[in-house]
Structures are given as structure tokens and as C-alpha cells.
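K.L.:
Make a model of the complete structure from these sequences and hints.
Number of protein chains: 4
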Amino acid sequence: MEKPEIAKLGYVALVSSDLQKSLTFFRDVIGLEETAEIDGVHYLRAWGDFQHHTLSVEQGESGYVKHIGWRTKKREDVEGFRALLEEQGVDVRTVPAWETPGIGEAVRFSLPSGHTFELYYDIEKPEVEEHRRSVLKNQTYKAWAKGISPRRFDHVNLHTSQQAPETFEFLQNVLGFKMRELLENDNQDILAGWMSVTQLVHDVAFVVRPETDTPARVHHISYWSDDSQDILRAADILKEHGFDFVGPGKHSISQAMYIYVTDPGSGCRVELFTGGYLIFEPDWEPVRWHESERAFGNTYWGDSINAKELVKTTIEAR
Amino acid sequence: MEKPEIAKLGYVALVSSDLQKSLTFFRDVIGLEETAEIDGVHYLRAWGDFQHHTLSVEQGESGYVKHIGWRTKKREDVEGFRALLEEQGVDVRTVPAWETPGIGEAVRFSLPSGHTFELYYDIEKPEVEEHRRSVLKNQTYKAWAKGISPRRFDHVNLHTSQQAPETFEFLQNVLGFKMRELLENDNQDILAGWMSVTQLVHDVAFVVRPETDTPARVHHISYWSDDSQDILRAADILKEHGFDFVGPGKHSISQAMYIYVTDPGSGCRVELFTGGYLIFEPDWEPVRWHESERAFGNTYWGDSINAKELVKTTIEAR
Amino acid sequence: MEKPEIAKLGYVALVSSDLQKSLTFFRDVIGLEETAEIDGVHYLRAWGDFQHHTLSVEQGESGYVKHIGWRTKKREDVEGFRALLEEQGVDVRTVPAWETPGIGEAVRFSLPSGHTFELYYDIEKPEVEEHRRSVLKNQTYKAWAKGISPRRFDHVNLHTSQQAPETFEFLQNVLGFKMRELLENDNQDILAGWMSVTQLVHDVAFVVRPETDTPARVHHISYWSDDSQDILRAADILKEHGFDFVGPGKHSISQAMYIYVTDPGSGCRVELFTGGYLIFEPDWEPVRWHESERAFGNTYWGDSINAKELVKTTIEAR
Amino acid sequence: MEKPEIAKLGYVALVSSDLQKSLTFFRDVIGLEETAEIDGVHYLRAWGDFQHHTLSVEQGESGYVKHIGWRTKKREDVEGFRALLEEQGVDVRTVPAWETPGIGEAVRFSLPSGHTFELYYDIEKPEVEEHRRSVLKNQTYKAWAKGISPRRFDHVNLHTSQQAPETFEFLQNVLGFKMRELLENDNQDILAGWMSVTQLVHDVAFVVRPETDTPARVHHISYWSDDSQDILRAADILKEHGFDFVGPGKHSISQAMYIYVTDPGSGCRVELFTGGYLIFEPDWEPVRWHESERAFGNTYWGDSINAKELVKTTIEAR
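One line per chain: the protein sequences are A, B, C and D, in this order. For the first sequence, the residue numbers in our numbering are 1 to 318. For the second sequence, the residue numbers in our numbering are 1001 to 1318. For the third sequence, the residue numbers in our numbering are 2001 to 2318. For the fourth sequence, the residue numbers in our numbering are 3001 to 3318.
Since the hints were derived computationally from the structure, they do not count as laboratory data. A hint or two may mislead.
As the list claims (entries may be wrong) - Simulated crosslink set (SDA-like; lysine to any residue; CA at most 20 Å straight-line):
(1) D:K3137 - C:P2286
(2) D:K3066 - D:E3099
(3) B:K1073 - B:L1084
(4) D:K3137 - C:P2264
P.N.:
Structure, rendered in C-alpha cells:
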């Protein structure tokens, strides 16, 4: 059988300890659109996201990420991954089609790090009501309707304190992620890896953080805007809404410009992101950064806070 | 045997009737870097292009495009494509490794439209001298060294007056391009197609123009900049250098912002380009525009000249 | 007595034949804030305008501009101008303080061209409600709350078919405007003049248009944004709201970037504007453009329509 | 006699302990144009500066600012200021016309703080050679020719450890600067003041720093760019040239966006600057910030270093 493949990052299922605050943050300040609210779960996406949702938010006792969904390249890849995972001794749970609104049959499992990933192929592309629909037929919603108004969901950044080498191995060899840039020490242990199945530098970054409270953490989720000035405008908007943030700055790794701001409901950090480069070369060799270059790798220029501080404020992934 | 695949657009081999003018235009005004000059051929690329060259320019009796190079996903894909093409009755010429500086063994052939494509896998990544090398290890040259300074090569736009349906068929079924957006008439004849092997909306656009002088024409080649304002800055730079141009404007098809300016040496039009969207969905359905929507499809807003005018100023492809 | 002086452009009193359309346009699309609605007149300003209003809109039988208000440098300048104007044989009408909400005692009179100007000194700076107030104490409202969201009112552009030389003379010698750039013919007749009392290139432009329907016309009013990309974002917003417009482009005269869009309620054209230069030199010599340079003077680059077309769509000033 | 008035900030006369480094910095990295080199002094300006020079640089034993030149509104204001200053008991030295190339007769004197100011009216506007001249007749040089390429000189920021109240008094009452924003303590002592004779928020900022090494210091000089993204592009250019810097960030006071970078030859800090607001209101009340708001006043968002650090690296003014 052909090796199953992941096409793209799909969505993050977020739990908030203060749903109203999270909704105000994501809908009014970040400016995401709401596809649907079903059984108290709000399904959100950016104006340029093509599918049902890229973020769901619901009320819970604490803020954490339930799972991270990824879309496969073909329908049969969902089954293919189940077989492959079980072959590897991974417990796989089937999620019946449409149990998650908008999402077809899926498989759900834990990484060695403890993060829950979900793989699915089928997803709905609901029609948009006319007053919110873009006049462009290749765009979902009207751009710039409210708040910061990023174009699309971009990537997730995950922290782990356990089974790091196994996780990097698993992501590359089982799930098919390609290592694009990495941070390593003199023993060539990977301390952080930026990996993708797409031509982005990363759909997911994994950072080894032995000191975290629980083994599987989420450092941030990221939405992409088209222009650098959009990030500066985001800074103004955040300040006018009373939010503090880290940035603006530019990463050396990925070359992307950023602001980090935290959803006050869930504690989930959101990176507002632009720029960077695309990788079209089929023989791309990972760009290797030594741990002595960590500060420069993280921050080419601009505002950046103490990494320890940023670590302390990750949220749990289950 | 596995189906061979193209990874990306590689380079355009351009002939100029006034090499000095072309070099001034591409190196000083557009701001490309020169990798090498060998036997009177100048090999150029943008600061963010990772490989040997994305454009070659040489002196000739008239301005035209010799061929367009594409990199395959694997080394064996070059051989794979040769077999596939010969199976289709296409004449294939082998280009020995390094006959084109920087480029390994390649196959060259004509599309039904008459355009010459080349496929290769091996390509050199020459070391950059320190004073031109970026301080970022994931970037080739220092950014913003001179002129407009785009990041990377993006796409080509080709015109044809012959065998249009066969060409669209060939590009999709033999070469593996995916149709992303298209313009069609009531008979569902494709009048123009935007196709890619990457996650860009197009690596190549093909436009049917029965009225052109020779069957295979090049409408433009395109370099990509990161930000919208870079295109406005390009406008200022072009005017200060005495160039007229079309734009700035924004396409509905691809959602990208543009300026079109013509190399006075070769007559080859260059599109300065930013924005647009990426396609990660594996089941992308081509966005279909009816010929009655042609003007809106081409121009969402901004400056745009008469399409006839733009057609008359294409250059020949051999 | 010291020569009275004008400090700045104040506001435009606009009448709309469809007030609801005008309010939607100015408040939701352009993104102006409403200071107050009094007796059916809506008083609007941008988030960075410091005073009561820079635009008023009210219902009428047709769209036209009632008058254009200017603030004097000192309170006694209002009286000083009355004396000066009466000395010149100009009819002056006194407007009692607060007859126009927010505006103190004023004098109102006609230019030789027929446009009505008003001069006042006192103006209210009403407190802004906390939820709309900027967190910056040097800024009036929160930026980017809705729509295009320009920073401040910038200038007016007026057309006249009568008494043009007298009007230029009057503006400079009586009202104290300095000529900054001008368009002239071989006889050194001024065909258009860009004049200011501030360090902007123009607070008012006067264009001679013998062919207009009524002698006093308003070509456009203009709001200023900080960045070039704001004008591109405005283009997207206008298209998503179904508006056509002229631009984006850049003027040679003033060096400013623009979009022109028309309020569908009043027919009044609004220029969205950024860039340009400031004049600090006390001995500035007007930049002189010959009528043969008119097209280049108007459009350095970008989209621009036939001047005749733009003339036909001016609105009346009374 | 009418009160003499200053029209605008003119130029800074800078001494460098490493002239070659300073010239590389100002000409190649910042991208200023050189008007002339006379007797080892280099006269520089930005592409949008209209007059002879806005910066002079020459070799000396250490880096310091010799004096800061200001242009008066009228020729007779130079004499008027001399009389006014002598009336105040200030020592005034006459600088013969053209002793400073490009600058007519001037008076030079010390502020209570010890900084040397010069006042002049006449200044040359030398013709620009065709290959460097802008195609726009209202602009001096071609824009974007090299380096960061700011538009124009903007302001100076000065520190003083002596006679602070007398200096604020002198600047306002003798020289005619208007206080636009200020930082004060509970006793209403001014700790920092942003003052202008133009419609900018400040042509000069004065900051009280009792702890500095010598009483009169220069914190930075500032050049202005049109767009926010220009500051981000400057960040990239500086990094590619091996420069560290503070920023990008946005001030609350003045609302302007900034980067601070230091000339390695003279030690003089340069602020790359954009945005901010203009003051047209004749009755502007200074915006008052309490010393408890100092950090927020300095930094609305973005990168900012410890103020102490920035103070230590000021250069001397003589």
C-alpha cells in the first residue's frame, strides 16, 4: 500500500475556562469569523481559510488543547494511517464522521510527547451568507471585516518534556513531516525542530522543554497576515483593546515577523505572523542552528521576552 | 514505475537583442544578483532564490525565450519523464550535465503550443562571497542590496495560438500540473488556465491568443516580493529610472498585486508580484471564471491596460 | 491691526440626497466616528481629528456642499477677517456662536468663484466616551475601529468656472494662502493651484474648469492615512462593499498616493490620501508645472481616469 | 520690532573620531546623499531635503556635536535674534556668510544647558547632477538610490544636566518653541519636553538627565521615512550590515515608530522615524505625562531598552 500522507494542518480544538472572553478575543480582536455554534462549541476560521473551521473553542474547567487536527491527502490515507500507527503499536481511536461538526471520519492518537493529533480527510465547506461572503470567488469571507483580520491559519508550536527524540522520529518517519530548520547541541540532540508537510517552513514546531509542568504543552497557535504592516496595525489594535504582547519582531529561523498575544479566556498564546519563505526544493537540507545561536535564531530583530517567561505561559495539551 | 513529478519552476533562458540594457535592467533596476558569467551568458537570481540561477540572459539577434527550466522531485524523474514523453510521441533532446552552467543532465522538448520546456534535477548551489552573503543562514544574499530587490522567482505566463486544448491536456496529464483557476467560455473551452505543481496558485499560466504573431509567446516572467509596499516602492524606483509600467493593481484571479514592466533589452515583460493565496487543500476544485468576467478576473482594482496592448508586446518563445 | 490669519482647514458641511446611504458610507465604510447628531445633522470626524467635527452630513433635495469651515489662528482674527473682507467689498454674514453645533461665532462669505467659506476660532473638543476613547492621551478615538479608518481630515479640492484669477488673488492676498505648486499655460494663467496655510502642500486646491455646470463645484474632500498600505487595504474594503473607485495611484504634484471614491448618497467624491511632503522652508517658491505636463503632474504612476470624467462628477458648492 | 521667529530645524554639525566609518554609515547604510566635500567636511542630506545639507561630518579627536543650525523665517530675524539674545545677556558670536559652506550669515550662542545653537536665514539650494536628480521637480534626489533612504531630516533629541528649567524657559520664551508634549513630576517640574516651531510634534526634545557626564549631550538625531514598512526594511538592512539597534517600536509620545542605531564613527545615535501626528490647532495644550507614565510614554509597543543604557551612550554637545 502507498504510504499515507498528511496534506495540511487543519484545526485546533481549544478549551477555555472563560468562553466569553475567548470569543471576544478570537472574534472581535483577532477578527475570526464564526462558521457555526453547535452544542456550545464555536467553530471559527479566518477570512481566507477554505474549510469548515481552523479553531474550535468551548467552555471547560481550565484552558487546554484537546487535539490538533490534520487533513490527509486522500480519503484512504485516514485508513492508511490507522494501519501504519497500529503497526507501530500506537493506540488509535476512531472518531465517527461528523461527531466533530464539519469533519468526516477521523483517527485520533497520542504522540510520544503526549499531544493528541487527529487525522481526517472529509471536511465540509459550508456556504457563506451573502453579507459576509467575499466578492472574490476564490476567497471565503470579506477581508478586513473586523479586528486584526488575518488571512489564514498557519502553524502550531508545541512543547514537550518527554520522549523528545522519539517524537521527532515519529513525526518524520511515521507522519511524514520534513525537517526544515532545527536547533541542536554539540551531541546533535535536536532541541527544537521546525517541520512541514507543506511548502511552509513549518506547519508544526516542536521544542524540547524538560522543565515544563506537564509533558505536552502548546506554546502557541498562529494565524497568517499578508503584509508586515498588518502586524504593526495588529499591535495598535491590541493596545487599544488593552492587551499586552511580545513583539513586533522577526525570527531568524523561518524569517517571519511576529507578535505574540495571549487569549485571556484559555491562556492560549496566538502568534500573528507574516513573511518568511517557502521551500520548493525537493532536496532541502535542514538549516542547522547550534544552541549557542538560540537567541539569534529566535530573534533576528525586535522585541522578544525571556524564553523562560514564554515557557511558563504555555498551556496544557491533552 | 512511479509517475515522475515536477517540483518547481527553475529558470528562464532569455535572449536579448541588447545585452547591456538587459543587464542594467535586471541587475541594477530589478536588483537581481549575478551568480556567474560564462561564455557571455549571465546567470542571475533573486536574493532569496536558493539555487544557481533563475534567469539567464545572453546576446542574440532578437529578444526571445529559448526555454523554461523545471526541476523534478527526484533525480530519476528526469529519466522517467523522458520515457513518458517518448511514449506520448514527443521528441526529447538530452542536454548533457553542466552544458548549462549549474544544471545537471536535462531533457528538453516542445509543448503542443511550441514552447520549449526543460526538466532537470541536479543543480548547483554555489557558495556566495562573504560581502554579498546574507547574515541569515537560511537566505542566500543580503536583502535590499540594490534596486527593487524581490525575494524569489515566482512564475511564467505563456501565450499560445495553436493546440491550446492539447497543451492544457499535456500540462495536466503528462507533466502533472494542477489546474487552480481558469477562464472559460460557454462551451467550457479553457481560454486561460493558472496551473501549479506547488502550493502557489500558479507556477505557469497559459493564455489562448489566436491572434499572436507566432504560436508560442511569453507574456511575462514574475519575481515575488514579500510586501505590498514593496510593489509601490518598485513603482517609484521604476519612474526614477525612466520606466513606464502597468499597475499597481490587484488581480482577482490569484489575488496577487502586480506591476508589469518591460526589459528594454529583450522586450521581455517582468511582473513584480506579491500577495495572493496558497493552496493546501488536496481536493482543490479549479475556480472557474466565465469569459464575461475576464476584466474583473484580471483586475480586482488598479491600473490595467487594454489586454490587446499587452498581447502585442509579448516576446517569442522557441 | 495685525493681519488676521487662518490656522487650518476645519470642516465641510455636506448635504446628501440620501442621508442613510451617506451615513453608511462615511461611518461604516470610510470609518469616521460620529461626535453627535443634532436636529438631523450628523457631525463626524476621523479618529485622529482633535476637534468637534470635520464633516457634517444632513438630508437635502440634492447633494451639495453648503460651506467649508476654516479655523483662524486667534479669536480676534474672526473679527479681523470681517473687517478685511468688508474693506474688500465682500458681503459677510455673521453666524452666531453654536448655531453650528461645536462651532463658535463665525463669519461666512463667498469667494469670487462662488464657494462659501466660513471662518471661526472657537470650537468644542467634546469628551469621548470611554469605550471609543483611545488609550493614548494624544489621540481622540481608538484607531482601526471600523472600515478604512483614516487618521485625519486633510484638504478640499474645488473647481470653478468663473473669476478664476480673482479667486487665486483673493485666496492668497486676502485669506493668506501660500501657493505651493501650480499648473499654468504659456500666458502664465494659473489653471490649477495647490495652496496652504499649513505646512501641508495644500489645504485647498483650486482648479479652473470653464466647462462645469455651475460655477462653484467641489471635486473632492480628502482624509489622510498614515501608510501606503492603508490605501491598498482601503481598495480591498471598498471592493468588498461593492464600490468602484479610481486608483490607487500617486500624484507627481504633492507626491501623495490616492484613491478616489464617491459617496453614493451625496455624490461627493472622497480622496483617501497618504504620503506627500511637508514644506518648512519660509521662502518656498511654487513648483510650476506647464499645462503640457498636466497628465504627469496629476499621475506619477497608477490608475487615473480621464480628467473630463472626473470633472463631470463634481458636486455643486453653494 | 516684530518678534523674530525660527522656521525649522536646519542641520547638525557632527564631529567623528572615525570619519570613514561615519561616511560609510551615513552614505551607504542610512543612504544620505553628499552635496559637497569642502576642506574635509562632508555635507549630507536626505533625498527629500530641499537645502544644502542637513548634516555635516568631519574628522576630530572624539565624537561630538559642534552645533545645531536652525533657519529663521525671515532674513532680518537673524539680526532680530541677535538683539533679543544680547538683551537677555547671552553671548552671541557672528558667523560670516558662507564660512559654513551653503549657509549665509549666522549667529551662534549657547543655551543655558550648554548646547550650541546657530540661527541663519540664507542657505544655498545647489543644483543636483542629472543622474542623481529626481524625475519629480518637487523632489531633490531620486528616492531609494541606496541604503535605508529616508525622506528628510526630522528632529534632534538633547539631554541636559544643568539649568533645565532655564533651558525650557529660554527655548519657549526667547526662541519661540511651543511645548507639545511633556513629562513632569508631582511638582510640575518638566523632566522632558517635546517642542516645535513647526507643525511636527517636535523639532527638538529636551530631556533632563542630572546623571550625565557632561552637561550638554545629544541623545539622537532623526531622519524621517514615509511608511512603517520602511522602518522594518531598515531593520533588515541594518542587520545585513552587522548593526545592532533598538526597535522597532512605537512611542506613545508623538505616536511615531522608531529604530535607534548608532553611527560607529562618531557614536551619534540616529533615530529612523515615521508616523506620528501633526498639530494644526493654534490653541494646542501640551499633552502632560506624569513621570509614573514614563515607560508607557516612551514605548507604546515594541522593543525598547533600559533608559539608563540609552543615556550612557549619548554624545557630547559643545
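K.L.:
Just pull the numbers of the violated hints for me, sorted ascending.
P.N.:
Result: hint 4 breaks, nothing else.
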